[in-house]
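From first to last, the protein sequence lines stand for chains C and W.
Numbering-wise (our numbering), the first sequence opens with residue 1 and increments by one.
Numbering-wise (our numbering), the second sequence opens with residue 1 and increments by one.
Honestly, the hints are just simulated from the structure, not real lab data.
Some hints could be false.
What the hints assert, rightly or not - Facing chain C, according to a computed beta carbon distance under 8 Å, are these residues of chain W, among others:
id, residue
1, A35
2, S39
3, G51
4, I61
5, V89
6, T91
7, A111
8, N126
9, G127
10, T128
11, K130
12, R131
13, K133
Said to hold, decoys possible - Straight-line distance between alpha carbons at most 27 Å, and here's what the computed DSSO-like set of lysine-lysine pairs gives:
id, chain 1, residue 1, chain 2, residue 2
14, W, K76, W, K105
15, C, K166, W, K72
16, W, K72, C, K76
17, W, K133, C, K38
18, C, K166, W, K53
19, C, K166, W, K76
20, C, K166, W, K105
21, W, K53, C, K293
22, C, K76, W, K98
23, C, K76, W, K53
This structure is a prediction, so every number in the text was calculated from the model and none was measured.
Glycine included, C-beta positions come from ideal geometry on N, C-alpha and C.
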Amino acid sequence: MALRILTGLLLLGFMLCPQADVTFSGFASVGAGKVISKKDDVFLSDYATVAQYDNDVSFSPDTTYGLQAMGRIDDKLSIASQIVGRGADEMNAGVEWAYITYELSPSLSMQVGRKRLPLYFYSDFYDVGYSYYWIRPPADNYTWQIFNYNGASLTYKTRMGDWGIKGDVYGGREDSPNNKLLSEFFFGETTNETWKNMLGAVLTVSGEMLEVRLNYLQGLNDRDFPDAGSTSTPFENYRFHNYGMSVNLDTGSLIVLTEYNMRRRHLDPAITTWLASVGYRMGELTPHVTYSKFSQEKLAGAETENHNTTIVGVRYDFHPSAAAKLQWDKVQDEGGPGWGVAGDSETISAAIDMIF
Amino acid sequence: MKLLFLSSLTLLASLAQADVAVIVHPSNNAAIDDAAISSIFLGKVSAFPDGQKALPAVPDISNPSRGDFLDKIVGKTEPQYKSYWARLVFTGQAQPPKEMQDDAKTLELIATNPNMIGVIDESHLNGTVKRVK
Numbered sequence: 001m002a003l004r005i006l007t008g009l010l011l012l013g014f015m016l017c018p019q020a021d022v023t024f025s026g027f028a029s030v031g032a033g034k035v036i037s038k039k040d041d042v043f044l045s046d047y048a049t050v051a052q053y054d055n056d057v058s059f060s061p062d063t064t065y066g067l068q069a070m071g072r073i074d075d076k077l078s079i080a081s082q083i084v085g086r087g088a089d090e091m092n093a094g095v096e097w098a099y100i101t102y103e104l105s106p107s108l109s110m111q112v113g114r115k116r117l118p119l120y121f122y123s124d125f126y127d128v129g130y131s132y133y134w135i136r137p138p139a140d141n142y143t144w145q146i147f148n149y150n151g152a153s154l155t156y157k158t159r160m161g162d163w164g165i166k167g168d169v170y171g172g173r174e175d176s177p178n179n180k181l182l183s184e185f186f187f188g189e190t191t192n193e194t195w196k197n198m199l200g201a202v203l204t205v206s207g208e209m210l211e212v213r214l215n216y217l218q219g220l221n222d223r224d225f226p227d228a229g230s231t232s233t234p235f236e237n238y239r240f241h242n243y244g245m246s247v248n249l250d251t252g253s254l255i256v257l258t259e260y261n262m263r264r265r266h267l268d269p270a271i272t273t274w275l276a277s278v279g280y281r282m283g284e285l286t287p288h289v290t291y292s293k294f295s296q297e298k299l300a301g302a303e304t305e306n307h308n309t310t311i312v313g314v315r316y317d318f319h320p321s322a323a324a325k326l327q328w329d330k331v332q333d334e335g336g337p338g339w340g341v342a343g344d345s346e347t348i349s350a351a352i353d354m355i356f
Numbered sequence: 001m002k003l004l005f006l007s008s009l010t011l012l013a014s015l016a017q018a019d020v021a022v023i024v025h026p027s028n029n030a031a032i033d034d035a036a037i038s039s040i041f042l043g044k045v046s047a048f049p050d051g052q053k054a055l056p057a058v059p060d061i062s063n064p065s066r067g068d069f070l071d072k073i074v075g076k077t078e079p080q081y082k083s084y085w086a087r088l089v090f091t092g093q094a095q096p097p098k099e100m101q102d103d104a105k106t107l108e109l110i111a112t113n114p115n116m117i118g119v120i121d122e123s124h125l126n127g128t129v130k131r132v133k
């Protein structure tokens, strides 16, 4: 509802302010891939949208497009809207970003509306394949069922010598009736998911070669199974905490990327995810290798979810605004009995990412 | 004849060494050093060191100064620069710099707006703007 009101406001703003300076931009990725390991193996390449590869060549998991309109009303006020369509959703476009930015000062700005939940390092620009070297960030680290939110954020930007410092604080909630990942993949029945009372902070420090990002998010989780005869256990107000840290180095040729996240919810076993990646830029070619891992602590010997992914790939900048990519993903699913996610798999995929 | 020859040589040398100049409005008295300049062109800050709002304008891909701007001011290649800005623009973190095809237009923009900072070929410099690099 809030989203519909905001989108309406945005359109109204564009119509009522013919003097507003409106710019359009966009991104697109066309990808294809195929599982090359055993028949019936499945590669869950994006948890949130349940994008999966199997033994047949498919274009849907890594094909995405986004269109952004940004309107400047005056020096302080601007409105932006971004629609994103994904192959995994039959290319149906949805408004994933719609927000108003108000500059309280040149260093401090406020945004109100719908945005991406900045839970992980690549969360905000996950859809913009052109901005990183993989075809998609390692799936083990991005097993999130909620990835957008409605709310407000404050951003402060400053500088200490060569170091840029950015601090964000944000709050909001997201209601996801019939949540895709939980309903279609994990529970096999309608699952309504709500993350509410969310409060988070992100601190980013970036120098010429080094970037460090710290983040924290807390909130309350409600889960409900409305289907008649459901035997799943609903819950309300389970408190969750997420902590994350990324340290990335880019010397111009050598690239080292790391990310670590820990999340806890209520009395559930804690989940730890991490990735480490090394790339080397040689002119237009950037070969890279990555290892990522998802592990859940074992409480009283109970089985839990555990998996890892090894990635070898290359990015080729064949055009000033487009890159071609090729990559191999090997997933090892080490979850205990009944705790496997998608099983072991090896997948080859290729994509072209562009911005315009 | 000799003089003409010499001056042509000088002209050739200056063409080969043509450098980019970073320019601001003449009234801008902020202490703008190299770190401040690259931070503004990379969207890390949106203000000059004196706290006034900073709006960057850069040579676009068809402008001959593009290469020198990328190499000497922000230290990135074209794909690195575009990847970097894609990350900021599509996540609402910063407004992208205005892309300028023509240095004459950049000069005009900077000369009339105290919040702007731009990059042109230094051979196009004139008295309507102030050079900071």
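Outcome of the hint check:
For A35(W), the interface hint holds, since its Cβ comes within 8 Å of a Cβ in chain C; the closest pair sits about 5 Å apart. The interface hint given for S39(W) is met, as the beta carbon of that residue sits about 5 Å from the closest beta carbon of chain C, less than 8 Å. Restraint check, G51(W) versus chain C: the minimum CB separation of about 7 Å is within 8 Å; hint holds. Because the closest C-beta pair between I61(W) and chain C is about 6 Å apart, less than 8 Å, the hint holds.
The interface hint given for V89(W) holds, since its Cβ lies 6 Å from the closest Cβ of chain C, which is under the 8 Å cut-off. The beta carbon of T91(W) is positioned within 8 Å of a beta carbon in chain C (closest approach about 4 Å), and the interface hint is therefore held. For A111(W), the suggested interface contact is broken, since its CB lies about 19 Å from the closest CB of chain C, more than 8 Å. Contact between N126(W) and chain C, as hinted, is not supported at the beta carbon level, the nearest pair being about 27 Å apart and thus beyond 8 Å.
For G127(W), the shortest C-beta to C-beta distance to chain C is roughly 27 Å, which exceeds 8 Å, and the interface hint is violated. Interface restraint check: T128(W) against chain C, minimum CB-CB distance 22 Å, threshold 8 Å, status violated. At a threshold of 8 Å, the smallest CB-CB gap from K130(W) to chain C is about 20 Å, leaving the interface hint violated. At its closest, the beta carbon of R131(W) sits 22 Å from a beta carbon of chain C; the interface hint therefore is violated under the 8 Å criterion.
Hint on K133(W) is violated. Least Cβ distance to chain C is approximately 15 Å, over the 8 Å limit. Distance check on the hinted pair: K76(W) and K105(W) sit about 24 Å apart at the alpha-carbon level, within 27 Å; holds. Annotation: proposed proximity of K166(C) to K72(W) holds, straight-line Cα distance about 24 Å (limit 27 Å). For the hint pairing K72(W) with K76(C), the CA-to-CA distance comes to about 31 Å; that exceeds 27 Å, so the pair is violated.
Between K133(W) and K38(C) the CA atoms are separated by roughly 60 Å; this puts the pair beyond 27 Å, and the hint is violated. Between K166(C) and K53(W) the alpha-carbon distance is near 16 Å, which keeps this suggested pair within the 27 Å criterion. Only pairs whose Cα atoms come within 27 Å are accepted, and K166(C) paired with K76(W) is accepted, the gap being roughly 21 Å. Straight-line distance between C-alpha atoms of K166(C) and K105(W) comes to about 32 Å, which puts the hinted pair past the 27 Å bound.
The hinted pair formed by K53(W) and K293(C) fails the criterion: a straight-line CA distance of about 43 Å is larger than 27 Å. Between the alpha carbons of K76(C) and K98(W) the distance comes to roughly 17 Å, so the proposed pair stays at or under 27 Å and holds. Straight-line distance between C-alpha atoms of K76(C) and K53(W) comes to about 10 Å, which keeps the hinted pair within the 27 Å bound.
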